[in-house]
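Student: Spelled out, the chains give:
Protein chains: 2
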Amino acid sequence: MKSNFADRLANACRTKKSITCVGLDPRVEKIPQSLMTGTSNKAIAEATGIFCKGIIDAVADIVPVVKPNIAYFEALGVEGIKVYSSVCQTAQDKGLLVIGDVKRGDIGTTAEKYAAGLLGTGGENTLANHDAITLNAYLGSDGIKPFIDEAEENGQGMFLLVKTSNPSSAEIQNLKLEGGDTVAEKMAELVSGWAERLCGKEGFSSIGAVVGATHGEELFKFRKIMPKSPFLLPGYGAQGAGAKDIVGAFSSGGNGGGVNASRSIIFAYEKNNNSDYALAARNATIAMNQDLLSALENTGNGF
Amino acid sequence: MKSNFADRLANACRTKKSITCVGLDPRVEKIPQSLMTGTSNKAIAEATGIFCKGIIDAVADIVPVVKPNIAYFEALGVEGIKVYSSVCQTAQDKGLLVIGDVKRGDIGTTAEKYAAGLLGTGGENTLANHDAITLNAYLGSDGIKPFIDEAEENGQGMFLLVKTSNPSSAEIQNLKLEGGDTVAEKMAELVSGWAERLCGKEGFSSIGAVVGATHGEELFKFRKIMPKSPFLLPGYGAQGAGAKDIVGAFSSGGNGGGVNASRSIIFAYEKNNNSDYALAARNATIAMNQDLLSALENTGNGF
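For the protein sequence lines, the chains are A and B, in the order given.
By the count of our numbering, the first sequence reaches residue 303 at its end, each step adding exactly one.
By the count of our numbering, the second sequence reaches residue 303 at its end, each step adding exactly one.
There's no promise every hint is true.
Any copy, or any two copies together, can satisfy a pair, since identical chains are not distinguished.
[Unchecked claim] EDC-like, lysine to aspartate or glutamate: derived pairs with alpha carbons at most 20 Å apart:
1. 224 x 29
2. 30 x 112
3. 82 x 93
4. 42 x 196
5. 228 x 61
6. 176 x 189
7. 53 x 276
8. 186 x 297
9. 186 x 29
10. 53 x 270
11. 42 x 202
12. 82 x 124
Please keep in mind that the hints were generated in silico from the structure rather than gathered at the bench.
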C-alpha cells in the first residue's frame with residue numbers, strides 16, 4: 001500500500017520545489033500535426049498519447065503532479081480510454097503523482113463502482129491508476145463516503161469541487177444561504193468534516209478541495225474553513241489568475257496543494273512560432289514555477 | 001437527424017403505455033453465476049453484457065426507455081466500456097430510448113469534449129450512442145451549454161440533477177437560501193430557463209430534470225418550477241418510493257417523464273427462488289407498469 005496521499009503530495013512539492021500541476025487537456029485540434037500518423041480513430045488516439053507522454057517527459061523532473069482530464073480521451077472512444085490509462089501509468093512510472101480529473105459523483109453502490117474503477121488497484125478491472133481524483137459532491141456524503149473508503153485502502157486522495165474557476169460558478173456556488181454563508185462555503189464545511197479522515201503526518205488530509213484561483217481574496221476564507229485540505233487551484237494562466245491570487249491557499253514550507261495550468265503549458269508551443277512543443281511546455285513550466293515560488297517567498301511561505 | 005428527444009420520449013411512453021425506465025446497474029456480484037464463463041476481466045465484462053442484453057430483450061416491448069449506468073461498466077476497465085457501448089447499441093436497435101446515466105459535469109472545452117463523447121454521433125469517436133444523458137450542473141450554465149448545443153444537433157436530451165433520491169441529498173440540495181427557496185429549487189429555476197431550448201411539439205423540452213421519487217409532495221413544487229422538463233424519477237422500488245409518490249410529475253396523457261427502477265427489476269430473480277432472471281425482470285416490469293398506470297389513472301392522467 002502507498003503511504004498517505006497528502007504526505008506524498010507535500011513531499012513531492014518539497015522535493016521538486018514546485019507547486020505546479022500540469023493539466024493534460026489534449027484537445028485534438030491543438031496537438032501538433034506532425035504527431036498525427038493517420039486520420040483513423042486509433043491514429044488520433046495514439047497521437048494524443050504520444051503528445052501527453054512528450055509533455056510528461058518534459059516536466060517530470062520539475063513538477064510534483066499532473067492532472068489528465070478524462071473528457072478529452074472519452075471523446076476518442078474506447079481507443080481514447082486505453083490511451084488515458086496508459087498516460088496515467090507513464091506519469092506514475094516517471095515519479096509523478098496523477099490526479100485524474102474525472103469529476104464523478106453518484107451514490108451508494110454506484111459510487112462504490114466508480115471508486116473501484118477510478119481508485120481501485122484491480123489491474124484490468126481498474127480504468128486507470130490514479131493517486132487522486134476530482135469529485136462532485138452535490139449529492140452529499142452518501143456520494144463521497146464510498147470514495148473515501150476506497151482511497152483509505154490504497155493511500156489515495158480526492159479533490160472535491162467547492163468553488164470552480166468559471167464565471168457561471170456563481171449561479172449555484174455563490175448563492176447566499178440563510179445565515180449569510182454561500183453554497184460554496186457550506187460545501188467547504190462539508191469537505192472540512194470529511195477531511196477529518198485520511199490525515200497524514202504533515203497536518204493535511206488526503207481529502208482536498210478544488211477552489212478556483214480566479215477568486216483570489218476568497219481563498220483566505222476557504223483556507224480558514226478547510227484548514228486540513230490540500231487545494232487544487234485551477235484558473236492560473238489561460239483563465240486569467242496570477243501568482244498573487246493563489247498565496248491565500250498556502251502556509252509555511254509551500255504546503256497547501258497545487259496550482260493547475262493546462263493550456264498555457266501544454267500548448268505553449270503555439271506562442272513560440274510552433275517550436276518543439278515539449279521544450280515549450282518545459283519552459284512555460286519553469287516560468288510558472290518561478291512565478292509561483294516568488295509569490296510564496298514574498299509571503300514567507302516558500303520552501 | 002433524429003427528431004426532438006422530448007417528443008420521442010412522449011411518443012414512446014404512449015405507444016408502450018408505460019412510464020417505466022429500467023435502470024441497468026449490473027452489479028457483478030448479483031449477476032447470475034450461470035452467465036459467467038470465466039474469471040478473467042474479459043469474461044466478467046462479457047457476462048455483464050449478456051445479462052444486460054437479456055434484460056433488454058425481456059422488456060423492450062413493454063417499456064419506452066432504459067438507463068444503463070456507466071459506473072458499473074467503468075469498474076470493469078476498458079473491456080467494460082466496450083460492453084457499455086454495445087449494450088446501449090443493442091437497446092437502441094430494439095427500439096428503446098437510451099438514457100446514459102453518466103452524471104458528468106465540467107466547463108468550456110472540457111464540457112464540449114464530454115458532449116462529443118457522450119452525445120456525439122461520431123462512430124468510433126463516440127464512447128456510446130445515447131438518446132440522452134444525466135448531468136450535474138453544480139458548475140452552472142458554462143457547464144451545460146456545450147451539452148445543449150451538441151444535443152440540439154442530434155435530437156438528443158439531458159436530465160440535470162435537481163433533487164436526488166438519496167438521504168444525504170439534503171446536505172446541499174435542501175439548504176435554505178435568503179428569500180426562502182432551497183438550493184434544489186434554485187437549480188430547478190436554472191433548469192427551467194435552460195429548458196426554453198430544445199422544445200418539442202408536445203410542450204416538453206429535451207432538457208429534463210432528475211427529481212427523486214422519494215420526495216413525493218415536493219414533486220408538485222418542482223413540476224411547477226419546471227413545467228416544460230421531463231422528469232427522470234429515481235427511487236421507486238428498492239429505494240422505497242411507491243406509485244402514489246410520483247403522480248405529481250405527470251400531466252394528462254401520461255406526459256411528464258419516466259420512473260426509474262433498477263435493482264427491483266433486474267435482480268427480481270433473487271426473490272423468485274433464482275428463477276430465469278429475464279422472465280423475473282419482465283414480470284417485475286409488468287407489475288411496475290400496472291402499479292404506475294393505476295396511479296396515473298387515479299389522477300385522471302392515464303394514457
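Student: One pair to classify: residue 186 and residue 29, alpha carbons no more than 20 Å apart. Within, between, both, or neither?
Tutor: Neither way: residue 186 and residue 29 sit 39 Å apart in one copy and 37 Å across, limit 20 Å.
Student: Is the C-alpha distance from residue 228 to residue 61 at most 20 Å within one copy, between copies, in both cases, or in neither?
Tutor: neither (27 Å within a copy, 54 Å between copies)
Student: Treating 20 Å as the Cα threshold, decide for residue 82 and residue 93: within, between, both or neither.
Tutor: Answer is within: at 17 Å inside a copy they meet the 20 Å cutoff, but 27 Å across does not.
Student: Is the C-alpha distance from residue 42 to residue 202 at most 20 Å within one copy, between copies, in both cases, or in neither?
Tutor: Neither way: residue 42 and residue 202 sit 44 Å apart in one copy and 42 Å across, limit 20 Å.
Student: Given a CA cutoff of 20 Å, do residue 186 and residue 297 count as a within-copy pair, a between-copy pair, both, or neither?
Tutor: Neither, since 31 Å and 42 Å both go past 20 Å.
Student: Treating 20 Å as the Cα threshold, decide for residue 53 and residue 270: within, between, both or neither.
Tutor: Only inside one copy: residue 53 and residue 270 sit 18 Å apart there, 48 Å across copies, limit 20 Å.
Student: Treating 20 Å as the Cα threshold, decide for residue 42 and residue 196: within, between, both or neither.
Tutor: Close neither inside one copy (44 Å) nor across copies (39 Å); limit 20 Å.
Student: For residue 82 vs residue 124, is the C-alpha pair at or below 20 Å within one copy, between two copies, both, or neither?
Tutor: both (11 Å within a copy, 13 Å between copies)
Student: When Cα atoms must be at most 20 Å apart, do residue 176 and residue 189 count as within-copy, between-copy, both, or neither?
Tutor: both (15 Å within a copy, 16 Å between copies)
Student: My question is about residue 30 and residue 112: at a cut-off of 20 Å on alpha-carbon distance, are they close within one copy, between copies, both, or neither?
Tutor: Close across copies (15 Å), not inside one copy (36 Å); limit 20 Å.
Student: Which holds for residue 224 with residue 29 at a C-alpha limit of 20 Å: within a copy, between copies, both or neither?
Tutor: Neither. Shortest intra-copy (41 Å) and inter-copy (43 Å) distances fail the 20 Å Cα cut-off.
Student: Give the relationship of residue 53 and residue 276 under a CA distance limit of 20 Å: within one copy only, between copies only, both, or neither.
Tutor: within (14 Å within a copy, 49 Å between copies)
Hint check: violations occur at hints 1, 4, 5, 8, 9 and 11; the rest are consistent with the structure.
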